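Trainee: Hey, can you work out the whole structure from these sequences and the hints?
Chains as they are written, first to last, in this note's numbering: chain W, 23 to 904; chain P, 592 to 725.
Just so you know, the hints here were simulated from the structure itself, not pulled from any lab data.
Some hints here could point you the wrong way.
Claimed, not checked - Computed list of chain W residues with no C-beta within reach of chain P, every gap over 10 angstroms: (1) R94; (2) P737; (3) N753; (4) T806.
To be verified - Once the Cα atoms are required to be at most 27 angstroms apart in a straight line, the calculated DSS-like pairs of lysine-lysine come out as: (5) P:K688 <-> W:K40; (6) W:K351 <-> W:K267; (7) W:K351 <-> W:K617; (8) P:K688 <-> W:K87; (9) W:K301 <-> W:K351; (10) W:K351 <-> W:K327.
What the hints assert, rightly or not - These stretches of chain P come out as covered by chain W in the derived footprint (C-beta under 8 angstroms, 3 or more residues): (11) 656-663; (12) 670-676; (13) 682-696; (14) 702-714.
As the structure is a prediction and not an experimental result, all values here were calculated from the model.
Glycine is no exception: its CB is placed at the ideal position from the N, C-alpha and C atoms.
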Amino acid sequence: MRDFMREWLMRVRSFFRKREFDQDLEREISSHIEMAVEENLRQGMIPEEARRQALVRFGGMEQAKERHREARGLPLLDSIVQDLRYTFRTLRRDRAFAVIAVLILGLGIGANTAVFSVVDTILLRPLPFANPQQLVWIAPPPTKCGFSCETYSADAFEEFRAQNHSFQDVAGYFAFSTEDNYRLTGRGEPVPATGIYVTRSFFQVLGVEPSLGRLFTPDDARKGSHPVALLANAYWRRQFAADPKIVGKAIDLNGQAVTVIGVLPPSFDFGAVFSPGEKVDLFTPFVLDDWRDDGNDLTMIGRLKPGVSLPQAQADANLVAPRLYFNIKYPTTKGWYKAHLTPLKVYVTGRLHRSLIVLWCAVGFILLIVCVNLANLLLGRAAARSKEFAMRIALGAGRRRLIRQLLTESLVLASAGAALGLGIAYAITQYLAHQGSIALPLLSDVRVGGGALAWTVLITVVAAALFGLLPGFRISGVNLQEALKDAGPGMSDGRKHDRLRGVLVVSEVALACVLLIGAGLLLRSFLHVLDVDLGFEPSHAAAIKVDYDDGGSPAKRSVIFQQILSHIEAIPGVEAAGIVDYLPLGRNRNWGELKVEGKIYRTGEAPSPLVYVVTPGFFRAMGMRLVAGRDFSWEDSPNGRKVIVINEALARALWPQGNAVGQIAVRDGQSLLVIGVVADVRETSVEGAPGWQVYYPATQAGPAGAELVIRTKLPPDTLADSVLRTLRQLNPNQPAAAFVPIQQIVDHAVSPRRFFMLLVTCFAALGLILAALGIYGVISYSVTRRTQEIGIRMALGATPGNVQLLVLRATLRLALIGVAIGVAASLAVARLIASLLFGITPSDPVTFAAIVVILASVAILAGYIPARRASRIDPMSALRAN
Amino acid sequence: MWYSHIFYSTLMWDDHRREHVQGKTRPSSRHLDLIVLRTLVAMGPMHGYGIARRIEQVSGNQVLLNQGTIYASLVRLQQRGLISTRWGTSGSGRQAKYYSITRSGRKRLAAETENWQRLSAVIGRLLATPEVGR
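Mentor: Shown next as structure tokens:
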């Protein structure tokens, strides 16, 4: 073993000190020859004969040196270095080709690496928690009634945690926090902050360790204990300048002194995992005893005991869930719950699985197109270089040596492309990670990691082999004599060559066609989504979180809200203003079943609508349509007749025969007069069908917060300052909350679709350009080669029009074959992405027709340039050439 | 077939060797190494030309050897630490590189010699067994 190491060390040494070794050998050989000559002279030969014999006996001088080098150095590396040198020389000579090739490869590989980074982060890598495979999301199966039906009450949570046998521990967080729900004061102007209540073992269950201080203990979550908070790492850096002594200090939250007990690690990003696109600043313990009489508030996340499988845990949960009480004080509230277990990873990213796979495939198509394109370019080059190769073969270069040379070339190109691609991918991932407006989970973690690097190397090598070997085989298979003869005048190097390039172009067009049709379908779906009637008018409206202190009194609240709205409406440019507690497409909640007065329902039969608490004027500010009846007014006072407004879907559910206005509904024994019906609002997602909604006046029901919505003809941004100033005048504690255009909320909701659509469309555009390049290259090359033929045709009377038609016909033939194959393949592929489409069928004729037209026109355009050139060939000079 | 041939030969770029030419034996590089080591034991420190001449004489010109090929063998043995070199002056006053066997060279030679003898005895016996069915 030691000898082996020693030998290799020596070999490496001699590889780098070649000259020294060569000189040494040179000296040795010359002394060898001299000694041989001397001996021959002694035997009586004449001097010339003596030298000749000595040289003969020595054998091939160069061979001996070569063997010496092989024996002492690294022959493989030697020849690689040689190939590399040669490659750089040829590429430098053909700079335009090299630049184009590297650019194309860089785009292809960059797109692939970037997409792989996204796929890796979201799909492949485990969640950023300890032993993430043990984590399970526990929730009732999804229903129509929003978050409230996907969560558990404090009692149910506690019972489930105690009674199950499958989990090490179960934790949860409060599902109904809104953004900017805290006000941080005591450091200049009040600043908004987003906080979430988590049950006390939340971080222990996830396996998150604090970077400073400690996590919550049971004492922190006891009723009446001193309030404490954990800070998110980003928030600690941003708001507290990464103060290393923050632990133990008190901060002022909503007018209460809260002690900071720790700072979470940078790797923990609550928003990235549980509510994509949102940032959460701080965490406070969820005190179960404070919430016993509330509704369903908590999500549940469990950590499985080692060795317990998901089906076992599910069986366990199926036993435990029906035994849970909504509220243990009321025995009739037993048996309301189910518990469906999903691996946390699936809960977080499961919906995106198909989209990401589609994206991955699309970008793989791009790489294929790039390879085909380069193979094509290289074939063109190879044809031009066939004489060079024939010469090298004639001079004794082996076939494998030539292939190795070509592979070296393609590897060099691919590596340069990969370097460029990595730069592009790095830029893209940086952009994606730092842009909060795309609601995709874990996106902020996206980076070009080790996996992506390995993937890049892999695709680079595969791509180099793909586009390097094809021309390599062709060249090495070349018939020597023919190739050398081919350089002579007027010979064409056979139809075989043309056919291969034709096949490449056809496949390129077919691949581009599939990509374009896929992108077209996604684009059309996206346009359909944008066209959806949201039930409100997102443009020209904006919302801001309002701080108020009503002390729990509806009367006081009425006064405050009325005052705020009258001041806001007085601002020039404000057309309408209103207040709501939950904006659409965000969080929502539910207050249980709403029944028609006097009607008997079976359990679960009555609808449970989503609840919104609003002020008069909100519907107008939001741009909602009142279908029947009237809006709330300030006369609907706290002590007056309790009134509600319902949406059309709920009206249909309660009073199918119509005429809901004036009817009486009942919730928990309280009778409510329906005074109006509004159009359905897409409350949970833009694409899902709207559910049941009920609106209560803020004068009579308790809101969960206040979002002031303003409608204006001006750009909403211009009002931000005056609105905030007005709110500050009324309430000095008003934090500098963000003024969010409603359109932004809608954009946020459709951002995943926009993200995928945009990417696939970019890839398709890239594919189209590459295909056009391919067509242009082939047609242009064939025109060059057929210059003489065309010259003869023109000399015999063909008009320029005839010639153009001839070339264009060849172009169209290639394009149409490609399109035909592409369309057939697309029909199959489109069915696979059917679930990603919205409002169109996978075989949408408009998309297919449009793409066929686009491809055909691009092909004609790509063919037209060489066709024009062909038609301008001067017959005389064409015939005289060569 | 054709492709596999290409792949194979692309991967295995060690040299092609013809072992027998015109009734003479061309020693493989491994055998040449063995011969060189043995020669150095017999002659003491010696230059490349001397080694080559000695091999020719001892083999009675049965070995097909271009004298130049022993230099590859010499550098290989040197890099493995089996022989050592120094520049010196020959009897005729000419500068020459002298090779001498090292301790580990002697050890290797002993081991290889034993190995060789055992192998040639076995192969000799095997080849001497009578043919069947003739």
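Trainee: Are the hints correct? Go through all of them and say.
Mentor: The hints, checked one at a time:
Residue placement check: R94 (chain W) does not keep its beta carbon more than 10 angstroms from all beta carbons of chain P (closest about 4 angstroms). The beta carbon of P737 (chain W) is kept farther than 10 angstroms from every beta carbon of chain P, the shortest such distance being approximately 66 angstroms. A cut-off of 10 angstroms between C-beta atoms confirms that N753 (chain W) is not in contact with chain P; the least separation is 78 angstroms. A cut-off of 10 angstroms between C-beta atoms confirms that T806 (chain W) is not in contact with chain P; the least separation is 31 angstroms.
Among the hinted pairs, K688 (chain P) with K40 (chain W) is consistent with the structure: their alpha-carbon atoms are about 18 angstroms apart, no more than 27 angstroms. This hinted pair does not check out: K351 (chain W) and K267 (chain W) have alpha carbons roughly 45 angstroms apart, beyond 27 angstroms. With a CA separation close to 24 angstroms, the supplied pair K351 (chain W) and K617 (chain W) stays within the 27 angstroms bound. Taken as a hint, the K688 (chain P) and K87 (chain W) pair is honoured in the structure, with Cα atoms around 16 angstroms apart against an allowance of 27 angstroms.
A threshold of 27 angstroms between alpha carbons decides the hint, and for K301 (chain W) with K351 (chain W) the separation of about 37 angstroms lies outside it, so the pair is violated. Between the alpha carbons of K351 (chain W) and K327 (chain W) the distance comes to roughly 31 angstroms, so the proposed pair goes past 27 angstroms and is violated. Residues of the stretch 656-663 of chain P with a Cβ under 8 angstroms from some Cβ of chain W number 6, which satisfies the need for three, so the listed coverage holds. Given a C-beta distance limit of less than 8 angstroms, the hint that chain W covers the stretch 670-676 of chain P holds, as 3 residues qualify and 3 suffice.
Three residues within the 8 angstroms Cβ limit are the bar, and the stretch 682-696 of chain P against chain W gives 6, so the coverage statement holds. For a cut-off of 8 angstroms, the count of residues in the stretch 702-714 of chain P with a CB near a CB of chain W stands at 0, and the three-residue condition is violated.
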